[in-house]
Structures are given as C-alpha cells and as structure tokens.
Amino acid sequence: GNSVTQMEGPVTLSEEAFLTINCTYTATGYPSLFWYVQYPGEGLQLLLKATKADDKGSNKGFEATYRKETTSFHLEKGSVQVSDSAVYFCALGDSGAGSYQLTFGKGTKLSVIP
Amino acid sequence: DGGITQSPKYLFRKEGQNVTLSCEQNLNHDAMYWYRQDPGQGLRLIYYSQIVNDFQKGDIAEGYSVSREKKESFPLTVTSAQKNPTAFYLCASSPRPGVVEKLFFGSGTQLSVL
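Residue numbers (this note's numbering), protein chains in the order written: chain A, 107 to 220; chain B, 117 to 230.
Please keep in mind that the hints were generated in silico from the structure rather than gathered at the bench. Check the hints yourself; a few may be wrong.
[As the list claims (entries may be wrong)] Distance ranges between label pairs, derived from CB positions:
#1 217/B - 191/A: 43 to 49 angstroms
#2 128/A - 154/B: 18 to 24 angstroms
#3 116/A - 186/B: 37 to 43 angstroms
#4 135/A - 230/B: 26 to 32 angstroms
#5 123/B - 173/A: 17 to 23 angstroms
#6 189/A - 173/B: 34 to 40 angstroms
#7 173/A - 155/B: 41 to 47 angstroms
#8 189/B - 185/A: 25 to 31 angstroms
#9 215/A - 132/B: 43 to 49 angstroms
#10 183/B - 116/A: 36 to 42 angstroms
[Stated by the list, open to error] Chain A regions said to be covered by chain B (calculated; three or more residues, Cβ under 8 angstroms):
#11 148 to 162
#12 180 to 187
Every residue gets a Cβ at the ideal spot worked out from N, C-alpha and C, and that includes glycine.
Chain A on its own, in the form it takes in the complex:
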C-alpha cells in the first residue's frame, strides 16, 4: 500500500534560516505529491504540488522536487519567516490506481523564532 514518511518534529529555526523537511514515499502507481500547511486551529491549505517525476513545485518561497529515483519530495525554503510557523504535511495521491484519497505523513511542526 501507499505510505508517506516525513521527518519528525518539532523543528525550531531562527528567522532567515534555511529550512528542509524530508519526505519519502512508497506507492504502487505513479502518484502526485503534495505539501500542505496547517496554521494553528485551521484546516489544511495546499502549499505546492508535483504531478510527475522531476517536476518542481513552488509557492511562497517554498520548493520541492519530485525525485522518483529516491522516492522523495523534500520541502525547502531559503529564508524562513516567523509567519511560516505551522505544521507541514507531505501527502501523496494515487488517482491513477483508482484511489480516491490522499495518504498523509504525520506532519512536522515548524516554529520560527525572531
């Protein structure tokens, strides 16, 4: 079955530091990959996505590249801000295999301090 493993948190960084949150996956088909962000007390918002190998998703300074050879989709940002403090979820969707759901990682809590 499908699964997503992401680095455990919490992660605490100083403002303007470089961020990497690791995500690896196992899938039977050819999944699309996603990063979602959840701010305190809110639902999830799509941050970025990639639908095929070597695609790079990007949004708000965040980037992630779909690496089929390493089955990874690591999230990066060059300079984090206090407003980036949130929980980040890596997820995969395998519509091609007839699945109608996303498979989520456990989430990584990021705290950015001034």
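Following the hints, put chain B in place on chain A, whose structure we already have.
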C-alpha cells in the same frame, strides 16, 4: 466566496451521546471527505462520498456514520460506539472523485469528551 464551512468549531460530547458535525460546501464539488487528525499523527480517512446518496468507508469508519442527501452537505455523526472520539475533524471536497490535486479543506471541528 466559495468554500467549505464546518460547524461548530468546538464540540463536547458526554458519555453515550451521539454528536453530529456539520460540513457544507458551495463549491459545487461532487466529492466530499471526512478526515480525523490526532496530535502527532497524519490525517486518516473516515468516510468519503463521490456523489449524492452514495458514500464509502475509509480506513477508520467504525463508530462513525454519514449521510449525503444533498450535494452541498456531508454531516458526520460520531456515535457512542466510538470510544476515543477526541480529535480534530476535517471535512474536504474535490470537484470530482479522484481529483486529489484539487482538494479543499474546511477549518475543522475540535471534538472533546466531557
């Protein structure tokens, strides 16, 4: 503005009581989903509905029930059979079944046991 509305934001359940969480969307989406989120865990799928008057069990359906009488509405009932209901519940929708690339989330309901 189109979106997904979940209510209430906070809900308390007494022992042996059934409670119903509301989810309404005005996005004209066919598919709707209910996820459960526990601290430090990813999201787990409870139920999903691909079309009106149809729904399927997800990974953790025991102790829950749903209905889909209208396209806009997908209420979730947490029954007394659910022995550990304390969690954050998220409703989501997508334009069509399997279009996981366009999944929209509500802001969630926090359910606690008194």
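We went through each hint and held it up to the structure:
1. Evaluation of the 43 to 49 angstroms hint for residue 217/B and residue 191/A yields a failure: the beta carbon distance comes to about 26 angstroms.
2. Distance hint check for residue 128/A and residue 154/B: the Cβ-Cβ separation is about 22 angstroms, which falls inside the suggested range of 18 to 24 angstroms.
3. Between residue 116/A and residue 186/B the Cβ separation comes to about 41 angstroms, which falls inside the hinted range of 37 to 43 angstroms.
4. As the Cβ distance of residue 135/A to residue 230/B is approximately 44 angstroms, the hint placing it in 26 to 32 angstroms is violated.
5. Between residue 123/B and residue 173/A the Cβ separation comes to about 41 angstroms, which falls outside the hinted range of 17 to 23 angstroms.
6. The hinted range of 34 to 40 angstroms is satisfied by residue 189/A and residue 173/B, whose Cβ atoms lie roughly 38 angstroms apart.
7. Taking 41 to 47 angstroms as the suggested C-beta distance range, the pair residue 173/A and residue 155/B does not conform, at roughly 30 angstroms.
8. Separated by about 43 angstroms at the C-beta atoms, residue 189/B and residue 185/A break the suggested range of 25 to 31 angstroms.
9. Taking 43 to 49 angstroms as the suggested C-beta distance range, the pair residue 215/A and residue 132/B does not conform, at roughly 34 angstroms.
10. Checked against the hint of 36 to 42 angstroms, the C-beta distance between residue 183/B and residue 116/A comes to roughly 38 angstroms, which is consistent with it.
11. A count of 7 residues in the stretch 148 to 162 of chain A with a Cβ less than 8 angstroms from any Cβ of chain B is obtained; the coverage claim is therefore met, three being the minimum.
12. Counting residues of the stretch 180 to 187 of chain A whose beta carbon lies closer than 8 angstroms to any beta carbon of chain B gives 0, which falls short of the minimum of three for the stated coverage.
Hint compliance for this structure: hints 1, 4, 5, 7, 8, 9, 12 are not met, and every other hint is.
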